[in-house]
Structure formats: structure tokens, C-alpha cells
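Asks: Build the full structure now, drawing on both the sequences and the hints.
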Amino acid sequence: DAKTTQPPSMDCAEGRAANLPCNHSTISGNEYVYWYRQIHSQGPQYIIHGLKNNETNEMASLIITEDRKSSTLILPHATLRDTAVYYCIVRVGGSNYKLTFGKGTLLTVNP
Amino acid sequence: NAGVTQTPKFQVLKTGQSMTLQCAQDMNHNSMYWYRQDPGMGLRLIYYSASEGTTDKGEVPNGYNVSRLNKREFSLRLESAAPSQTSVYFCASSDRTTGNEQFFGPGTRLTVL
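Line order of the protein sequences matches chains A and B.
At position 11 of the first sequence the residue is numbered 216 (the numbering used here), and the sequence of numbers has no breaks.
At position 6 of the second sequence the residue is numbered 1196 (the numbering used here), and the sequence of numbers has no breaks.
Treat the hints as calculated values from the structure; they're not laboratory data.
Keep in mind that this is a model prediction, so the values were computed, not measured.
Heads up, some of the hints might be wrong.
In silico DSS-like cross-links for lysine-lysine, where the CA-CA straight-line distance does not exceed 25 Å [as the list claims (entries may be wrong)]:
1. K274(A) / K257(A)
2. K1261(B) / K303(A)
3. K1261(B) / K308(A)
4. K1261(B) / K208(A)
5. K303(A) / K1199(B)
6. K1261(B) / K1204(B)
Partial list, derived from the structure: chain B residues whose beta carbon lies under 10 Å from chain A [claimed, not checked]:
7. V1194
8. D1246
9. Y1254
10. G1295
11. R1299
Each residue gets a CB set at the ideal place from its N, CA and C atoms; glycine is no exception.
Replies: Below is the structure:
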């Protein structure tokens, strides 16, 4: 699975959009980009995933660059409850569902 | 649906003691996983079970054994606990048909003295 690079921490004002970057310059054509988050001491929670196209769900949007070497997770209106560690994970599809977690980005949403 | 449940929530062991961490899911998922998370680190995969009756090693399997008891339950055993196994242990499950997300339990916080 490709390696990812994320900033260790970011701040965001409540109500503003939070844009979390992830670099995955060695991504292969069959690898997906996944985002999970972990609110303090809880188990990780799936947010969104994508292969090539931008994706949106009720939680967030995922923007993947055309060359697929980087992506951005967007929380459109961050709340205090969005304070968490966000993990960007790249892995192949198919029946291998193992996830490799890095250290992620600690997003702090400030009032 | 309870989702993924883990027992116990907390445990303190002495070096050399053994214990089994229990995990159960009620989502009829085929795949189940055990991860550990050390302070300030991401999760690391210990073992996984792609389907009932199969288990495979992950990134850090040494010192652990697993049993996929049935489709619902996947246990993790520490035969002789060591201080290096002090960690938070998370169980997760997923399914081929949905395939895209792993559902995690609340974790077991284990301290080995």
C-alpha cells in the first residue's frame, strides 16, 4: 500500500470549512484513498473514500487531484465535535481490506 | 444493533499472566480485525480474519494468538503478557459486499505491569 503524508496538526474556527491535505505521491492505479477519524479515545470512524472522482457524503467531501498524488478532505462547516485525529489511508481494492494507519492529523476546531 | 462490542473495557495484568480479549459483531460481517494503538501512534494490525475459519497475521502478531470462534466472534489471546503489550486494543469488522468501511469497537485498555 502507498505511503501517505499528512500535517501533524491543524486548527479551524467553528463554522468554517476545514480542509485537511494528504499527499500520496506513490499511489498506484488500483489504490483507493480512504479517510477515517478518531475522536479522543474512541474507535476510528469511517468518513469517505474515493478512487479518481471527487466524492461527497453527509459528512464530508473528498477532492482528489487529477494525477491522484494528493487529496483534500473537506468538512464544510466544522463543529467542536469534529475535533479528532484524521487519518488518510491508501490501499488496494478487492478482498484485501486491511488498513494501515499513520499518525494522522489532529484537527482542533476552536470556538 | 450494538455494532462491534468488546470486553473487557479495562484490564490490568502482571507480567506473565494470560488473558483473552473478546470481540463480537452483530452486522453479519465476514471479516474481522484486531488492532493495537500505542500512545500518540496510529493503529497497527495484529491479526485479521477474512472469513469464518481463516486467520492471518498482520503487522505486529508476535505475542498474540487469535480464534475466529464463529462468524460473530473473534478473540485475541495474550499467553504471557509483557509490559510492551500495554496498549489500547480495537476490534473491527467489515464485509465484502459493502467492503468499503471497517466498523470499530470502543476498545480495550490494557496495562501490563
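Asks: Next, verify each hint and record whether it holds.
Replies: Now for the hints, and whether the structure bears them out:
{"no.": "1", "hint": "K274(A) / K257(A)", "result": "11 Å, holds"}
{"no.": "2", "hint": "K1261(B) / K303(A)", "result": "18 Å, holds"}
{"no.": "3", "hint": "K1261(B) / K308(A)", "result": "31 Å, violated"}
{"no.": "4", "hint": "K1261(B) / K208(A)", "result": "32 Å, violated"}
{"no.": "5", "hint": "K303(A) / K1199(B)", "result": "24 Å, holds"}
{"no.": "6", "hint": "K1261(B) / K1204(B)", "result": "32 Å, violated"}
{"no.": "7", "hint": "V1194", "result": "8 Å, holds"}
{"no.": "8", "hint": "D1246", "result": "9 Å, holds"}
{"no.": "9", "hint": "Y1254", "result": "16 Å, violated"}
{"no.": "10", "hint": "G1295", "result": "6 Å, holds"}
{"no.": "11", "hint": "R1299", "result": "8 Å, holds"}
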